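Chain by chain, the residues:
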Amino acid sequence: MSENIIRISGINPRQCMKCGKCSATCPAFDEMDVHPHQFASMVVEGRVDELLASETLWKCLSCFACVERCPRSVEPAKLIEAVRDCVIRQKGGSYLSPDDIPEKLDSELPQQALMAAFRKYRK
Amino acid sequence: MPINENKEWKPLIVAFCCNWCSYAGADLAGTSRLSYPAEVKIIKVPCSCRVNPMFILKAFERGADGVIMCGCHPGDCHYSTGNYYARRRMTMLFSMLDYLGIDRQRTRVEWVSAAEGQKFAAVMNDFAKTITELGENVKLGDLRCKKQQD
Amino acid sequence: MQRIGVFVCWCGSNIAATVDVDAVVEAVKNEPGVCFAKNYQYMCSEAGQALIKDAIKEHNLTGIVVCSCSPRMHEATFRKTAEQAGLNPYMVEIANIREHCSWIHKDMKEATEKAVILARAAIAKVNLNAPLQAGESAVTKRALVIGGGIAGLQSAIDIADAGYPVDIVEKSPTIGGKMAQLDKTFPTLDCAACILTPKMVEAAQHPNITLYTYSEVEEVKGFVGNFNVKIKKKARFVDSTKCTGCAVCTAKCPSRKGGNEFNCNLDTRGAVYIPFAQAVPNVATIDTERCIHFKTGKCGICQKVCSAGAIDFEQKDEFIEEKYGAIVVATGFEILDVTKFDEFQYTKHPDVVTSLELERIMNAAGPTKGTLLRMSNKEHPHDIVFIQCVGSRGNTCRDKTYCSKICCMYTAKHAMLIREKYPDVNVHVFYIDVRTPGKNFDEFYRRAVEQYNVDYIKGMVGKVWEKENGRLAVQGVDLISNRRIMLETDMVVLAAAIQPSKGVRNIATMLTASIDTNDFLTEAHPKLRPVESPTAGVFLSGVCQGPKDIPETVSQAGAAAVKVVGLLAKDKLVTNPCTATPNELMCNGCSSCARVCPYGAIDYVEKEVNDHGKREVRRLATVNSALCQGCGACTVACPSGAMDLKGFSNRQIMAEVDAICR
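Line order of the protein sequences matches chains R, C and U. Note that this note's numbering has the first sequence beginning at 1, numbered continuously upward. Note that this note's numbering has the second sequence beginning at 1001, numbered continuously upward. Note that this note's numbering has the third sequence beginning at 2001, numbered continuously upward.
Some hints could be false.
In silico BS3-like cross-links for lysine-lysine, where the CA-CA straight-line distance does not exceed 27 Å [said to hold, decoys possible]:
#1 U:Lys2109 with C:Lys1129
#2 R:Lys18 with U:Lys2463
#3 U:Lys2527 with C:Lys1119
#4 R:Lys18 with U:Lys2340
#5 U:Lys2184 with U:Lys2502
#6 U:Lys2548 with R:Lys18
#7 U:Lys2463 with U:Lys2405
#8 U:Lys2527 with U:Lys2405
#9 U:Lys2570 with U:Lys2141
#10 C:Lys1010 with C:Lys1119
#11 U:Lys2439 with U:Lys2405
#12 U:Lys2141 with U:Lys2572
#13 U:Lys2106 with C:Lys1010
#14 U:Lys2199 with U:Lys2233
#15 U:Lys2038 with U:Lys2080
#16 U:Lys2405 with R:Lys18
#17 U:Lys2458 with U:Lys2439
#18 C:Lys1010 with U:Lys2109
#19 U:Lys2378 with U:Lys2257
#20 U:Lys2106 with C:Lys1119
#21 U:Lys2348 with U:Lys2378
#22 U:Lys2257 with U:Lys2369
#23 U:Lys2029 with C:Lys1010
#24 C:Lys1129 with U:Lys2106
#25 R:Lys59 with U:Lys2463
#26 R:Lys18 with U:Lys2458
#27 U:Lys2458 with R:Lys59
Some chain C residues well away from chain U (every beta-carbon gap over 10 Å; in silico) [as the list claims (entries may be wrong)]:
#28 Tyr1099
#29 Lys1119
#30 Thr1132
Simulated restraints on C-beta separations [what the hints assert, rightly or not]:
#31 C:Met1096 with U:Asp2658: 19 to 27 Å
#32 C:Asp1098 with U:Lys2053: 51 to 59 Å
#33 R:Asp106 with U:Ala2473: 17 to 25 Å
#34 C:Arg1104 with U:Val2605: 39 to 47 Å
For the record, the hints were derived by calculation from the structure and aren't laboratory data. No experiment lies behind these values; they were computed from the predicted model shown. Beta carbons: idealized from backbone N, C-alpha and C, even for Gly.
Please construct the entire structure, taking both the sequences and the accompanying hints into account.
This is the structure we're talking about:
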């Protein structure tokens, strides 16, 4: 499964030096249960199940601030995207359903987040 | 030339090794008693850039089945840039080997440092295996001379 | 025809157990040129060598082949043996039948066959060997040091103390380098100026040292022991023999808008300036790009106020040519340009500074006279955030891949000094790792944490922005507690990566010294020859070779000096006789060989040649055998096959190929 994520993302998570700049940059940090800097090491350790179940997948705005600033080219947003893809590809997986969206909305939610979330819906 | 059916065919492999890295790597393979086929014969050159592509063609002409060239890793050349020249020259040579009727796999360039005895032995084993699988090389003889002999 | 002797060594059982040495002797006896063959238990022993010497004399041998261990082991031994028997040492060839044969093969028949073939190849080569003479070249007993920072000064002083004249070339108007800009030094917290300025004065007053400040190396020719260097002394427009350094002109100069480089452009200086009070030489320099006189032809106030009459607007660049035996490169470093890191607001907010800028702010001779102030409003700061590894240890286009090595320590130093002087200031340090290997270094860092309550946060800063109240907001992360950190601060200090000075590329090209992908000069061997460049006669000192702190720089500078002294102490250098040699009748002067030569050993001369009775003047390649290291790159590059390498000639290698493929 880890290999799958590495293949989809095209990222080598072993390049991570655990500086935390991704999490320091992330605008959605406080919303997340698993923080961006944890993704690289969790993929390396093979803790993919936790990632698949993580709220973070749906909180990540795909704003790519972490991609922009990562000094080691680990680019966590791409890893997160890959995990998200894995969930979407799982038939019947417990991913975000459109019906759940309204209750999660709040006035401060950036529009970009909504845009990014569209592709996360069930087809 | 009559072929001796009883004798098992063994390839003939020439290895050009630079004095500073690969020859020392071969020495280390020896000191560490790492075996590789006896068909491999090493010729010492000061640097991989001393290897004229003509030497390689000459070896094929004389009946070598495989020629391998080993030098220092890129950036580690004792003469700072020699292996870069060697690499370019070999790329040129490789591109014309097919034209000459020599299988591209019969030549190889490998970077082996003085500390890589293990790698040297592994490379030689692998190369000898490849050459054995490819079989005997057709000699790059001068056809005109051959006709006269016939 | 050569008369060749073949000596097969048993090496006890090392060879003899797998190689049938008698069979080898029998097999080589009929090789062309061989008139003597014998095996013996230990060829390298006293008795074995005597056997070789006797055979040379008795059979009048002109060349010998020793079938034994690797030439890397005993080639020198057997060459010496041959020389003692009156044979040219380069008429000896070794067939490596131990490392390349007996030790790696188990089957006796197979190993013996291979040993015979290796011996044949060596015999074929010796048949074409020619006696070679190792040349000699003289040594100019003078050294050049490029760069006048602490590395260059230390090397120069050490060489000069050993009794050899040294010239220092420094491109800025004063020696002292980066260390002169530092306030205090870790881990002892003594002031940089207090330990550096005596060294600067010592260098200036040393009878064996000549300073060329505001000068640059223009051209380097020659080779180890005999470098010819052209130095450009840029015009200062101040007569340094008359200038007393009274600094009246610098105070009166009306052109005051330009930044002061010595203070990292945090304040300004006049167009005529002395970089700092302790500058050596203490002489003013006119910056022509800012001088009103050079721009408009008017002004000339400095000339009017100078009581010594030292201002000379007509001064011209001077060129000096000098010969040197050895060159030390000590070009040092510069701070990485951090403007690319826009998340830290360095270009937008004056309170975001680099560590070197903070160094000037903390320095008593700096822009704030040593008081820690915010550069935006000159007010006392209450919170300071340090960000580590800015531009170090990354692999993107903005970053350097290496660790800059000094930042962890100087940040601990800054944090400690600030907490010591201003206990009301809160200091936060965002770090990825704290790296403090070195004597008393980790203790120093621990003191910052334990004694001075510096807040070390394991994590990075994501972004910095200005708040409405003019203070800075810092958004970071604490990886240990896995939580977001939001701080409001007055200053942000960036520990920017260090990189080799820009000029080093140019210098490396002139010296044919190699540089790595980061522009650091490469050493001849990373462990065993760390202060020598692969180019003979060129030595490395200080950060130009890799990031290092002051104690390390000083040790390396001393080591480089010893290597220089060791070279200059020799009267003659023995040169490698296996050099390239062109055939004049085949050379067409195309320059292909010179282009691939890594040592610049190939030159061209117009020479009259006699080509089958036709006399004509041609452009011909000549090889400087003292420079040529014998790599052979030119031999292959030559389109007409005119270039050959002594000791590894085309014919010799072809003969070896023939012998192996027979």
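Tested hints:
| no. | hint | result |
| --- | --- | --- |
| 1 | U:Lys2109 with C:Lys1129 | holds, 21 Å |
| 2 | R:Lys18 with U:Lys2463 | holds, 17 Å |
| 3 | U:Lys2527 with C:Lys1119 | holds, 22 Å |
| 4 | R:Lys18 with U:Lys2340 | holds, 22 Å |
| 5 | U:Lys2184 with U:Lys2502 | holds, 26 Å |
| 6 | U:Lys2548 with R:Lys18 | holds, 24 Å |
| 7 | U:Lys2463 with U:Lys2405 | holds, 24 Å |
| 8 | U:Lys2527 with U:Lys2405 | holds, 18 Å |
| 9 | U:Lys2570 with U:Lys2141 | holds, 9 Å |
| 10 | C:Lys1010 with C:Lys1119 | holds, 23 Å |
| 11 | U:Lys2439 with U:Lys2405 | holds, 14 Å |
| 12 | U:Lys2141 with U:Lys2572 | holds, 11 Å |
| 13 | U:Lys2106 with C:Lys1010 | holds, 16 Å |
| 14 | U:Lys2199 with U:Lys2233 | holds, 23 Å |
| 15 | U:Lys2038 with U:Lys2080 | holds, 19 Å |
| 16 | U:Lys2405 with R:Lys18 | holds, 18 Å |
| 17 | U:Lys2458 with U:Lys2439 | holds, 24 Å |
| 18 | C:Lys1010 with U:Lys2109 | holds, 14 Å |
| 19 | U:Lys2378 with U:Lys2257 | holds, 19 Å |
| 20 | U:Lys2106 with C:Lys1119 | holds, 20 Å |
| 21 | U:Lys2348 with U:Lys2378 | holds, 17 Å |
| 22 | U:Lys2257 with U:Lys2369 | holds, 20 Å |
| 23 | U:Lys2029 with C:Lys1010 | holds, 26 Å |
| 24 | C:Lys1129 with U:Lys2106 | holds, 18 Å |
| 25 | R:Lys59 with U:Lys2463 | holds, 20 Å |
| 26 | R:Lys18 with U:Lys2458 | holds, 10 Å |
| 27 | U:Lys2458 with R:Lys59 | holds, 24 Å |
| 28 | Tyr1099 | holds, 20 Å |
| 29 | Lys1119 | holds, 14 Å |
| 30 | Thr1132 | holds, 15 Å |
| 31 | C:Met1096 with U:Asp2658: 19 to 27 Å | holds, 23 Å |
| 32 | C:Asp1098 with U:Lys2053: 51 to 59 Å | holds, 53 Å |
| 33 | R:Asp106 with U:Ala2473: 17 to 25 Å | holds, 23 Å |
| 34 | C:Arg1104 with U:Val2605: 39 to 47 Å | holds, 43 Å |
Checked against the numbered hints above, the structure breaks none of them.
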